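Undergrad: Generate the whole structure from the sequences, applying the supplied hints.
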Amino acid sequence: MTAWMLSFIVLAPLAASIALLLLPAARGLAIRLVALAGGAATLPPSIWLALNYDRKAGGFQFEQTVSWVPSLGITYHVAVDGLSIVMLLLTALIITGGVFASWTQKNRTKEFLSLLLLLVSGVFGVFVSRDLFFLFLFYEIAVLPMYLLIGVWGTTTKLRTKEDSAMKLTLMLMGGSALILVAILALYFSMDHRTFDMGLMAQHAFSPELQRWVFLLIYVGFGVLAGIFPFHTWSPDGHASAPTAVSMLHAGVLMKLGAYGVLRVGVGLLPHGAHDWSFLMGAIATINILYGACSAMGQTDLKYVIAYSSVSHMGVVMLGLASLNPIGVNGSVMQMFSHGIMTGLFFALVGLIYERAHSRDITRMGGFARKMPGVAVLMSIGGMASFGLPATSGFIAEFLCFYGMWLRYPILALLSVIGIVITAVYVLRVVQKIFLGTPNEEGYPDLRDARTTEWVATVALAALLIVVGVFPRPLVRLIDLGLRQTPGVTYARGAGAVLPGGP
Amino acid sequence: MIDLRPLIPHCLIVGLGILVVLLDALRVRRNACCLGFVTALGAVAAIALDWVGPDARLWAGQIVADPYSRAFDTIFLAVLAVVALASASDEPHIAFAGEYYALLCFATVGLMITASAGSLLILYVGIELSTICLMALVGFAKRDRRSSEAAVKFFVLGAVGSALMLYGCSIIFGLAGGTEYGKVLSVLSGVGGFPALLWLGFGFVVAGLGFKIAAVPFHMWAPDVYQGAPTTITAFMSTASKVGGFAALLRFLLVALGAAPDRWAPVIVALSAASIVLGNLMAVAQTNLKRMLAYSGISQAGYLLVAVAGASAADSGLAVGAVVMYGMLYCFMNVGAFLVAQVIEDHTGSGEISALKGLHRRQPLLALAMLLFLFSLGGIPPLAGFVGKLYLFAAGWEGGRFALVGLGAVASVIALYYYLMVALQVYIKDPDDDTRIPVSRQVSLAVAICVMATLAIGVYPKPLVQLGDRAAAALHTYAAPRPLSDIPTSRRP
Chain A
1 MTAWMLSFIV
11 LAPLAASIAL
21 LLLPAARGLA
31 IRLVALAGGA
41 ATLPPSIWLA
51 LNYDRKAGGF
61 QFEQTVSWVP
71 SLGITYHVAV
81 DGLSIVMLLL
91 TALIITGGVF
101 ASWTQKNRTK
111 EFLSLLLLLV
121 SGVFGVFVSR
131 DLFFLFLFYE
141 IAVLPMYLLI
151 GVWGTTTKLR
161 TKEDSAMKLT
171 LMLMGGSALI
181 LVAILALYFS
191 MDHRTFDMGL
201 MAQHAFSPEL
211 QRWVFLLIYV
221 GFGVLAGIFP
231 FHTWSPDGHA
241 SAPTAVSMLH
251 AGVLMKLGAY
261 GVLRVGVGLL
271 PHGAHDWSFL
281 MGAIATINIL
291 YGACSAMGQT
301 DLKYVIAYSS
311 VSHMGVVMLG
321 LASLNPIGVN
331 GSVMQMFSHG
341 IMTGLFFALV
351 GLIYERAHSR
361 DITRMGGFAR
371 KMPGVAVLMS
381 IGGMASFGLP
391 ATSGFIAEFL
401 CFYGMWLRYP
411 ILALLSVIGI
421 VITAVYVLRV
431 VQKIFLGTPN
441 EEGYPDLRDA
451 RTTEWVATVA
461 LAALLIVVGV
471 FPRPLVRLID
481 LGLRQTPGVT
491 YARGAGAVLP
501 GGP
Chain B
1001 MIDLRPLIPH
1011 CLIVGLGILV
1021 VLLDALRVRR
1031 NACCLGFVTA
1041 LGAVAAIALD
1051 WVGPDARLWA
1061 GQIVADPYSR
1071 AFDTIFLAVL
1081 AVVALASASD
1091 EPHIAFAGEY
1101 YALLCFATVG
1111 LMITASAGSL
1121 LILYVGIELS
1131 TICLMALVGF
1141 AKRDRRSSEA
1151 AVKFFVLGAV
1161 GSALMLYGCS
1171 IIFGLAGGTE
1181 YGKVLSVLSG
1191 VGGFPALLWL
1201 GFGFVVAGLG
1211 FKIAAVPFHM
1221 WAPDVYQGAP
1231 TTITAFMSTA
1241 SKVGGFAALL
1251 RFLLVALGAA
1261 PDRWAPVIVA
1271 LSAASIVLGN
1281 LMAVAQTNLK
1291 RMLAYSGISQ
1301 AGYLLVAVAG
1311 ASAADSGLAV
1321 GAVVMYGMLY
1331 CFMNVGAFLV
1341 AQVIEDHTGS
1351 GEISALKGLH
1361 RRQPLLALAM
1371 LLFLFSLGGI
1381 PPLAGFVGKL
1391 YLFAAGWEGG
1401 RFALVGLGAV
1411 ASVIALYYYL
1421 MVALQVYIKD
1431 PDDDTRIPVS
1441 RQVSLAVAIC
1451 VMATLAIGVY
1461 PKPLVQLGDR
1471 AAAALHTYAA
1481 PRPLSDIPTS
1491 RRP
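Respectively, the protein sequence lines represent chains A and B. For the record, in the first sequence the residue sitting at position 233 is 233 according to this note's numbering, with numbers rising by one throughout. If you want this note's numbering, it's the position in the second sequence, counting the first as 1, plus 1000.
Hints are computed from structural coordinates only; laboratory data are not their basis. What you are looking at is a predicted structure, and each value in this text was computed from that prediction instead of being measured. From the three backbone atoms N, C-alpha and C, an ideal C-beta is built for every residue, glycine too. Don't take every hint at face value.
The calculated DSBU-like cross-link candidates involving lysine-lysine, where the alpha carbons are at most 35 Å apart (straight line), are [what the hints assert, rightly or not]:
no.	chain 1	residue 1	chain 2	residue 2
1	A	Lys-106	A	Lys-371
2	A	Lys-158	A	Lys-433
3	A	Lys-371	A	Lys-56
4	B	Lys-1142	B	Lys-1153
5	B	Lys-1429	A	Lys-168
6	A	Lys-158	B	Lys-1429
7	A	Lys-168	A	Lys-106
8	B	Lys-1429	A	Lys-106
9	A	Lys-371	A	Lys-158
Which bits of chain A does chain B cover? Going by a derived footprint, with three or more residues having C-beta under 8 Å, they are [to be verified]:
no.	region
10	139-148
11	180-190
TA: Structure, rendered in C-alpha cells:
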C-alpha cells in the first residue's frame, strides 16, 4: 500500500486530467469537481507522508521500483526524503488553491483544467523521481503545457501578445532542457555500469573535470526555470500573460523545479562541480535579488510587480543554495516553500482584484481597502512575508539564506541583503497605492470582497505563512534530514546545531 | 536446394499487388473501400509471416534475412498498412485505384529488398524498384499540375541519384572483385586504408542513398515533391522510403565499409550537421504545411544520421537500435501528421498552415491528435519522439560525437518553434468559420493507430528497445569479418 503512495500522488492528477477530456464540455460543475478531486486528492497523502516519514532513519523512504528498460538502465524508481516531502506539500497546496482560483474560469474550462492537472502531475513526478530519465521526462511534462495554458487562456499585455509570451517562455525553458539532456548523457556515458538511477549515480565518483563543466550545464539548464539572471526574461512576460491559476502554479511551484533540479541533480550528484561554481552562483543570485527588486519597483502593472518580485525571491533561493552549507541550503528550501505559498497567495489576490477592477494598472487604483477589506488584509500579510518580517515564514527562510551566504562569501551576503530594503519599498508602495488613499468610486463599480471558494484558497495560504513563520521547526527538521544525504552540502563543525529545530 | 522461406513475405506482397489490380479490374467491389482494407490486411499478414520465417543468407549472402531486415520490414509494412487504410476512404475517387495500391505494394517490396540487401547489386535493385514505383505514384493525380510537376522533378533528380549510385557500385565492384558486402569487407580490410578510388565509390553510393533519405545536400527535390504529390504518397515517401534508405546505409557502412569506420564517419557527421541546421532553419520559414514537414523531415534525417555517425565506434549496438527504434516511431508520428494535413487540405482546399486555424473547434479529436504528433516530432515526453531522440543522441554520444549531439540538442529548440507555430494555429487560434470538418472512418482509424503507437512507444519503449537490440545483434554477427583465406587471392586488387 505505502509503496503505491508516491505513484498515487503522481497519477491522481494525471487520471483526473484524462477523465476531464472524456467529460462533455457542457457539464461545468462536474468538470470542476473532478479537477478539484484530482488536485486535492494529493493533499492527504502528502500530509500523511510528512507525518509518517521516519525521522530517525532519514534518507529516502516509501520507495517503489519497477524495471522499465533494463538494457538501458532505466527504472521507474520513486522515493522521497524530507526535502521532497516539503515540495510535495507545497505543490499539493498550490494546485488545490489553483483549482479554487480558477473556479469561475469560463472559456474552454475542461481543457484548461485538464492541462493544469497534467502540468502538476509532471511537477509531482519530478519531486518523487529517483531516476534521472524519469525526472527529465516529468520535468518536460511540467513545462510544456505552459505553452497552451498561456497561449489560449492568457491575456495580452501592453508589451507582448500572449502568444509571444508563451513562445518565449517555452523556447527558453526548452533551451534549458537541451543543456540538461546533454549533461545527463555526459554523466550516463562516463559510468562503467550504466544507469539512470540517481541513488547509484551518487555512489559513482565522477572525475572533477567532468563535474566542473557538467555542473555548469545543469546549473544553467535548470537555472533557466529558476529564473537566474540573465535567463530570467521569460518569467515577467510569461507570468504577466498567464491566467491566475497558471501564474500561481508557475511562480509558486514550477520555478522551484529549477532550483530543486540544481540541488538534486547538480549539488547531489556533482559535489565538486557545485563547489567550483559556488561563487558564480552566489554572484548571479545577488544580481537576481537586486535587479529583480529594482525592476519590480519600476513597474505599474500589478502582475509585472509580482513577477519581478519572483525573480528577486528566486535569487534568495539560489543564494542560499550557493552557500552549500546546511544553514544556507536549509534556508533555500525553506524559501522555496515560503515563496511558493506567498506567490500563490499574491497571484490569487491579483486575479481577484483584476476580475473586479478590470485593470492591473496600480497608478489608477486607490482606496480599495474600503470595498475589499479582506483582500487588503491578505495582501498585506503576503507583503510582510515577502520582505521577511519576523513571524512570517519569509523571515525564517531569508534569514537562513543570508546567514548561510555570510558564512561563505560575506561580501555577497552584504550586497544581497540590500534587496530586502528595496523589497519593502515596492511592497509597501503597492499596498498603499491599491488599498489606501481616496477611493475612485466611478472607475470601479464592481469592487467587492472575496467570495466563498475564493476565501478558502487565500485564507489557507495566508494562514500557512504565519503558522510556518511562528513554528518552523517541523518543516526545517524535514528539510534538514533530506539535506544530510546530499553530498554537496558540507555538514562541518557542528553547523547543524544552530538551526532552529536542528538535531 | 535453397531455402526460399525467408522470401515468403516478399512474394506475398507482390501477390497482393497483383491481386488488388485483378480485384479492381474484375470490379469485385461490393464495398467501395475494399481494396485498401485488403492491402492493409495483407501487409499485417506479411509482418506475421516475416517473423516466423527462418534466418538465412541466400545466394552467398546477396539477400540476408535476419532480425535486422525484419525490424525494417515491419516498419515498411506498418506504413503500408496505415497508408492503405487511410487511402481507402478516397478509393471511389481515385482513378486506377487498383494500380495505386499495387504500386504501393511494389514500392514496399523494393524497400524490403533494400533492407535485406547483402550486396550492392541487390541494394540497387531494391532502391530502384521502390523509387520507380514512387515516381509513378507521385504523379498519380495527373490532372493536378503540381502533381505532374513533382513527378517530373522526382524522376529527373531520382534518375541522377540512381545513376550516381550505380556508378559508385561499379567502382566498388572493380576494387573488390565482388558486390557482396562480406567480400568487399574482407578485401578492403586486406588492403588496409581507404584507397582514393574507394572514396569515389563510397561517395557516389552515399550520394544515391542521401537522395533516398533526403539529407542535405541531396534534399533539393523533397519540398517540391512532397508538396505536389498526393498526401498519402508523401506520407509514405517521407517515412518508409526514408527509413529504407537508412536500413541500406547502415548495413552498407557497418558491414561493407566496417573495416574503416574512422574514414567514412566524418562524411556522415558533415551530412548530419548540414541536414539538422539547414532543415530546421528552412522549416521555420515555411507557410505550407507539407513543405514545412518536408524540411522537418530533412532535419529528422539529420538526427538519424547522428546515430549513424555514432555507429562508427567499436560497439555499434546502441546506434543500430536507435535507428530501428526512431525509424519505427518516426513513421507513425509523421504519417499521422500528414494524414491530418490531408484531411484539412481535402476540406479547405488549402495546404497552408493557416488552414489549420481553429481546428480545436472544427474537429477537436483531430486537433488533439495533431498536437500529439507535433509534440512527438518536437521530442516532447511522454511521447515517442522523446525516447527516440534521446536514444539517437545517446548513440551519437557513445560514438564520441559530442559536438554533433550538442548541435542536435540546441537545434531541436528551433524545431520546437515551428512545430509550436502549427500548434498555435491548431489549438490557440479561433476559426474564421465554425463548420465541422468531416473525417472518414478509415482515416480516423489510421490516425488513431498512429496516436496509439506514438503514445505507447513513448510511455513503454521496452519492446521496441528489445527489437532494436536484436537487430543490432544480428547486424553485428553478420558483420563479423571472415578470415581472408575465404577470398580467392586472384580476385584481390
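Undergrad: All hints are to be evaluated individually against the structure, with a verdict given for each.
TA: Verification of the supplied hints:
A C-alpha spacing of about 25 Å is found between A/Lys-106 and A/Lys-371, which places the hinted pair at or below 35 Å, so the restraint holds. About 21 Å separates the Cα atoms of A/Lys-158 and A/Lys-433, which keeps this hinted pair within 35 Å; it holds. With a C-alpha separation of about 51 Å, the suggested pairing of A/Lys-371 with A/Lys-56 is violated against the 35 Å cut-off. Among the hinted pairs, B/Lys-1142 with B/Lys-1153 is consistent with the structure: their alpha-carbon atoms are about 14 Å apart, no more than 35 Å.
A C-alpha spacing of about 17 Å is found between B/Lys-1429 and A/Lys-168, which places the hinted pair at or below 35 Å, so the restraint holds. Distance restraint check for A/Lys-158 and B/Lys-1429: the Cα-Cα separation of roughly 20 Å lies within the 35 Å cut-off, and the hinted pair is therefore satisfied. Using a Cα cut-off of 35 Å, the hinted pair A/Lys-168 and A/Lys-106 holds, with the two alpha carbons roughly 26 Å apart. Restraint check for B/Lys-1429 and A/Lys-106: the C-alpha separation of about 17 Å stays at or below 35 Å, so the hint holds.
This hinted pair checks out: A/Lys-371 and A/Lys-158 have alpha carbons roughly 28 Å apart, not beyond 35 Å. Three residues within the 8 Å Cβ limit are the bar, and the region 139-148 of chain A against chain B gives 5, so the coverage statement holds. Counting residues of the region 180-190 of chain A whose beta carbon lies closer than 8 Å to any beta carbon of chain B gives 6, which reaches the threshold of three, so the coverage claim holds.
Hint 3 alone, counting from the list given before, is not met by this structure.
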